[in-house]
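Peer 1: Sequence:
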Amino acid sequence: MERDIVAKGRRYIMFRKILAAFLMSAVIISLGAADWPVFRGNALQDGVSTEKLPDKLVERWQFKTGDSIEGAAAIVDGVVYIGSMDQHFYAIGLASGKEKWKKKGGPYKGPAGVRKGRVY
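Residue numbers (our numbering): 6 to 125.
There could be a bad hint or two in this list.
Straight-line Cα separation of at most 30 Å, DSS-like style, residue types lysine-lysine; simulated pairs [unchecked claim]: (1) K108 with K61; (2) K61 with K121; (3) K121 with K107; (4) K108 with K69; (5) K61 with K109; (6) K108 with K13; (7) K105 with K69; (8) K61 with K103; (9) K121 with K108; (10) K69 with K107; (11) K69 with K57.
Cβ-Cβ distance ranges computed for the label pairs, FRET-style [unchecked claim]: (12) D60 with G111: 19 to 29 Å; (13) K121 with R15: 37 to 47 Å; (14) Q67 with Q92: 17 to 27 Å; (15) G83 with D51: 15 to 25 Å; (16) S101 with S54: 30 to 40 Å; (17) A39 with W66: 15 to 25 Å; (18) P112 with D60: 30 to 40 Å; (19) T55 with R15: 16 to 26 Å; (20) W66 with K109: 21 to 31 Å.
Everything labelled a hint here was simulated from the structure, so no lab data went into it. Where a beta carbon is used, it is the ideal one built from N, C-alpha and C, also for glycine.
Make the full structure from the sequences, and use the hints.
Peer 2: So this is what it looks like as structure tokens:
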């Protein structure tokens, strides 16, 4: 039992670090860049962006949820969409890092997706 608690804590920390790294790169890539509406960027899921990364990456903001994030974010029209194990799905302003809205209904484990104005 203690081992399970330690393992869950380690996974929680790891997912938060992964999310922070993803959001940092997403902010840099997507400010004025193409959308990233599904896991790995497009229907082919090739994970390749046509945008050039700057030589030095800079963290622009952080966003905290009440629990871990286990799915990838989607970014469309300057909004980051992400689900959390805290049972909420969030819309976060890409430029500001501020919450636009949240919806209870999870927990959310899978990646977010956006198509024709609908969030999945």
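Peer 1: Against each hint, give a clear statement of whether it holds in the structure.
Peer 2: Results for each hint:
1. K108 with K61: 35 Å, violated
2. K61 with K121: At roughly 34 Å apart (the allowed maximum being 30 Å), K121 and K61 break the hint.
3. K121 with K107: Holds - the C-alpha atoms of K107 and K121 are around 19 Å apart, at most 30 Å.
4. K108 with K69: 15 Å, holds
5. K61 with K109: With Cα atoms ~37 Å apart, K61 and K109 exceed 30 Å; violated.
6. K108 with K13: At roughly 25 Å apart (the allowed maximum being 30 Å), K13 and K108 satisfy the hint.
7. K105 with K69: 14 Å, holds
8. K61 with K103: 24 Å, holds
9. K121 with K108: Between K121 and K108 the Cα gap is close to 19 Å, so the pair holds against 30 Å.
10. K69 with K107: 13 Å, holds
11. K69 with K57: With a Cα-Cα distance of about 28 Å, the restraint between K69 and K57 holds, given a limit of 30 Å.
12. D60 with G111: 19 to 29 Å: With Cβ atoms ~38 Å apart, the hint is violated.
13. K121 with R15: 37 to 47 Å: Given a distance of about 39 Å, which is inside 37 to 47 Å, the answer is holds.
14. Q67 with Q92: 17 to 27 Å: 21 Å, holds
15. G83 with D51: 15 to 25 Å: For D51 against G83, whose Cβ atoms are near 23 Å apart, the range 15 to 25 Å holds.
16. S101 with S54: 30 to 40 Å: Since S101 and S54 have Cβ atoms about 22 Å apart, the given range 30 to 40 Å is violated.
17. A39 with W66: 15 to 25 Å: 20 Å, holds
18. P112 with D60: 30 to 40 Å: 38 Å, holds
19. T55 with R15: 16 to 26 Å: 36 Å, violated
20. W66 with K109: 21 to 31 Å: 23 Å, holds
The structure is inconsistent with the numbered hints 1, 2, 5, 12, 16, 19, although it conforms to all the rest.
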